[in-house]
Amino acid sequence: GALVYQYPRRTICKSGTSMRMECQAVGFQATSVAWYRQSPQKTFELIALSTVNSAIKYEQNFTQEKFPISHPNLSFSSMTVLNAYLEDRGLYLCGARDWSSYEQYFGPGTRLTVL
Amino acid sequence: QQKVQQSPESLTVSEGAMASLNCTFSDGTSNNFRWYRQHSAKGLEVLVSIFSDGEKEEGRFTAHLNRANLHVSLHIREPQPSDSAVYLCAVSMRSGGSNAKLTFGKGTKLSVKS
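Residue numbers (our numbering), protein chains in the order written: chain A, 1 to 115; chain B, 1001 to 1114.
If you're looking for bench data, these hints aren't it; they were derived computationally from the structure. C-beta: ideal position from N, C-alpha, C; glycine also. Please note that the accuracy of each hint is not assured.
Unchecked claim - Pairs of lysine-lysine residues, derived as DSS-like cross-links and limited to a Cα-Cα distance of at most 30 Å, are as follows:
(1) Lys1042(B) / Lys1003(B)
(2) Lys66(A) / Lys1106(B)
(3) Lys14(A) / Lys1042(B)
(4) Lys1101(B) / Lys66(A)
(5) Lys1113(B) / Lys14(A)
(6) Lys1056(B) / Lys42(A)
(7) Lys42(A) / Lys66(A)
(8) Lys42(A) / Lys1042(B)
(9) Lys57(A) / Lys1003(B)
(10) Lys1109(B) / Lys1003(B)
(11) Lys1003(B) / Lys66(A)
(12) Lys57(A) / Lys1113(B)
(13) Lys1003(B) / Lys42(A)
What the hints assert, rightly or not - Just so you have them, the derived chain B footprint on chain A, three or more residues with Cβ under 8 Å:
(14) 10-19
(15) 70-84
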């Protein structure tokens, strides 16, 4: 079956430091990976959409300078939160889209706490 | 820009009674609609995906889509206390790389009382 793993599941970092999170698609080839953030009391916002062999497209209010993403192949993506501050806390979800079925599968998320 | 709105914000039903959740969207060209469930700010569990007008049933969960009215609903038959969660509506286009973007509603918090 198609599964998406995210690592780490939970992380705590000090204000001003950076942390990297990973997303692994298993059982299918992910032609695109979308990173979402759910801030406290809010719904999921799209950060960026990464399609292999295409430029990564960031949504308004999110930048490559703040959230650099690497998507080197059809099964792996990583995103770093640089200089994390309180407003960056939340649940970060990775959604990987299967190239053959267009189904999007989500990982369990990485919960970021900023102290 | 796509706008997705859900109602009600919260809903309490008794165990066994039908629960009905609503979702409206603004982009009439959308053709990919999903209902997700989120327990206690954890990851997302997909419940039903629907791509054409009409109904789609997955176990106790039935989605009803009316694209002309920009409306998609979710009905939960015989809800149980374990169904208590936040239910999220997500809308996108089905095909195309750049159209993998899902726009989420803010969710309906469902409480099922025994």
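Consistency of the hints with the structure:
1. Lys1042(B) / Lys1003(B): At roughly 24 Å apart (the allowed maximum being 30 Å), Lys1003(B) and Lys1042(B) satisfy the hint.
2. Lys66(A) / Lys1106(B): 25 Å, holds
3. Lys14(A) / Lys1042(B): 23 Å, holds
4. Lys1101(B) / Lys66(A): Roughly 20 Å separates the two Cα atoms, so the pair holds.
5. Lys1113(B) / Lys14(A): 40 Å, violated
6. Lys1056(B) / Lys42(A): 28 Å, holds
7. Lys42(A) / Lys66(A): 20 Å, holds
8. Lys42(A) / Lys1042(B): Holds: Lys42(A) and Lys1042(B) sit about 13 Å apart, inside 30 Å.
9. Lys57(A) / Lys1003(B): This hinted pair holds, its Cα atoms lying about 19 Å apart.
10. Lys1109(B) / Lys1003(B): 19 Å, holds
11. Lys1003(B) / Lys66(A): 26 Å, holds
12. Lys57(A) / Lys1113(B): Distance ~43 Å between Lys57(A) and Lys1113(B) Cα, so the pair is violated.
13. Lys1003(B) / Lys42(A): Given that 30 Å is the threshold and the Cα spacing comes to 15 Å, the pair holds.
14. 10-19: violated (count 0)
15. 70-84: violated (count 0)
Checked against the numbered hints above, the structure violates hints 5, 12, 14 and 15; every other hint is satisfied.
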